[in-house]
Amino acid sequence: MGFFRGMLNLDRRIIFILIAGAVVVPLFIPFHLKMHPTPASQGLYNAVEKLPEGSTVIISGEYDPGTAPEIQPMMIGALKHCFRKGIKVILMGLWPQGPALEGQALQEVFKEKEFKEMNLQYGKDYVNLGYKAGGAVVIQSMGTSIPATFPTDMAGTPIEKLPLMKGIRNFNDITFVLDFSAGDPGTPAWVMFAHDRFHVPMAAGCTAVSAPMLYPYLQTKQLSGLLGGLKGAADYEWLTKSSGTGIRYMPSQSIAHLVIVIFIIIGNIAFFVVRKGEKR
Amino acid sequence: MRRQIPLAITFIGGVVMIIQYFIPHQISQEIYRGVLDWQMIVGGFVLVLGIGSLVTHHTEKVKRQKEGWGYSLVALLGLVMMAIAGLFFGGMASDKPFMQIFIYAQNPIQATMFSLLAFFIASAAYRAFRARSFIATLLLLAAIIVMIGRVPIGAKIWSPIRVISNWLLDYPNMVAKRAIGLGVGLGMLSTALKIILGIERSYLGGGK
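For the record, the sequence lines run as chains D and A.
Going left to right, the first sequence walks through residues 1 to 280 as our numbering numbers them.
Going left to right, the second sequence walks through residues 1 to 208 as our numbering numbers them.
Honestly, the hints are just simulated from the structure, not real lab data.
Cβ atoms here follow ideal geometry from the backbone N, Cα and C, with glycine treated the same way.
The reader is advised that the hints may include incorrect statements.
[As the list claims (entries may be wrong)] Chain D residues, not near chain A, derived (Cβ > 12 Å throughout):
#1 Glu114
#2 Met118
#3 Gly244
#4 Arg275
[Stated by the list, open to error] Computed footprint of chain A on chain D; a stretch qualifies when at least three of its residues, placed anywhere within it, have a C-beta under 8 Å from a C-beta of chain A:
#5 94-104
#6 159-169
Just chain D, with the same shape it has in the complex (with noise of 0.2 Å):
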């Protein structure tokens, strides 16, 4: 009963040190796991992969550094996607932090000799148009008129400079959007606003957190797929024959959750068994 008692009243310091270990020691003696990706991880390469080559598809980033761990893998699996199809990029974020992570993205693709060796440009092969404040607004804004609402990109180059832009006036000339968010605005902006009001079909990578709030709009058809978490990444890796932090970091994830649910267990055998030793 002691031993129950105890455990129901458990220093939460212990629990700080078995996740810590749970998380760090999976990095150290990494072990394969085969990834199963789920339908909504399925759908949204497929939907990637029906993009004939030349297609331009917008990429936009709505995240910040604390939840780049779980959607920065997603970028970079995105642009070795479409890089590797020949589709053209168009990057831009809602968030301020967004375009720039964007900016990491690419730079990580290219450390990659595959994406080295063939010399895409700045321009014409994919652009970054930087982040522009007013959420929704500026979804709403670009079905008008894509110049306007981005006259230069992110460096302060004139749009009309960039060859991939030339042709492209508002959602009519997007192929498709890969919207990536952590929170608002976000996905459900983009559903709103490009696929319903403008017609664009789209998918969208997201936190764990907030995939369960997206799935009514993969029922719906209004995303042709969905990227959720880390494990969204890892699918999407997986599915794309790439190597990354999704699918290196999924053994420290596999346990973290596996001593959760450990600890859960144990918490709720304490409880009913100094409930009962109670009611005696």
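Please build the complex by placing chain A on the supplied structure of chain D, with the hints as guidance.
Just chain A now, with coordinates in the frame of chain D:
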């Protein structure tokens, strides 16, 4: 007049925007574009307001040396330093001070703060997730299934857990989220109508 004019502007603006949505005429598109420009300009002012409020709040704290004023000083210095780095030292190029501070200071600081959540969630889950009632037990089981089913190790432990986890997200979760979404949507619609028709006037101030 102080109330009638804003009410009239709201009514006319609301009705015009509803009508323009259904009439894709050139004039209607021009109005729409104008309104969007205005909204973005107002959005810019909100940013100024936010920075102003941040500066006022923290300056006051530093001046009066209130508890934690040192953190306020760091916040103010951070704000000034980032602005100077962005405005006068090469903008947002990756090798310039602004981006260097972003990559090597803001990135790890924010990532660290967010990572701490894992520890608090684990501790909170251990203490709060109790099968006290039938509903709580259902929630507990769903949480365990989704937590294990969503990670690859789940399939190694018990393969069907993956399918059950997906089912939980695709059906019970989606039904609940859709119901919430519809409720919120209807609420927004009715509030918008009340504002346009002048029934809801709290935005004018005065508490009525």
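Is it the case that Gly244/D keeps its Cβ farther than 12 Å from each residue Cβ in chain A? 15 Å, holds
12 Å cut-off, C-beta based - Met118/D kept clear of every residue in chain A: Consistent with the label, Met118/D stays out of reach of chain A, its closest Cβ about 20 Å off (over 12 Å).
In terms of beta carbon proximity below 8 Å, does the stretch 94-104 of chain D have 3 or more residues touching chain A? holds (count 4)
Non-interface claim for Glu114/D versus chain A (Cβ beyond 12 Å): Holds, since 21 Å exceeds 12 Å.
For Arg275/D, is the shortest CB-to-CB distance to chain A above 12 Å, so the non-interface label stands? Since the minimum Cβ distance to chain A is about 9 Å, Arg275/D lies within 12 Å and the statement is violated.
Verdict on chain A covering the stretch 159-169 of chain D, where coverage means 3 or more residues with a C-beta closer than 8 Å: Since 0 is below three, the answer is violated.
Violated hints, listed in ascending order, are 4, 6; each of the other numbered hints is respected by the structure.
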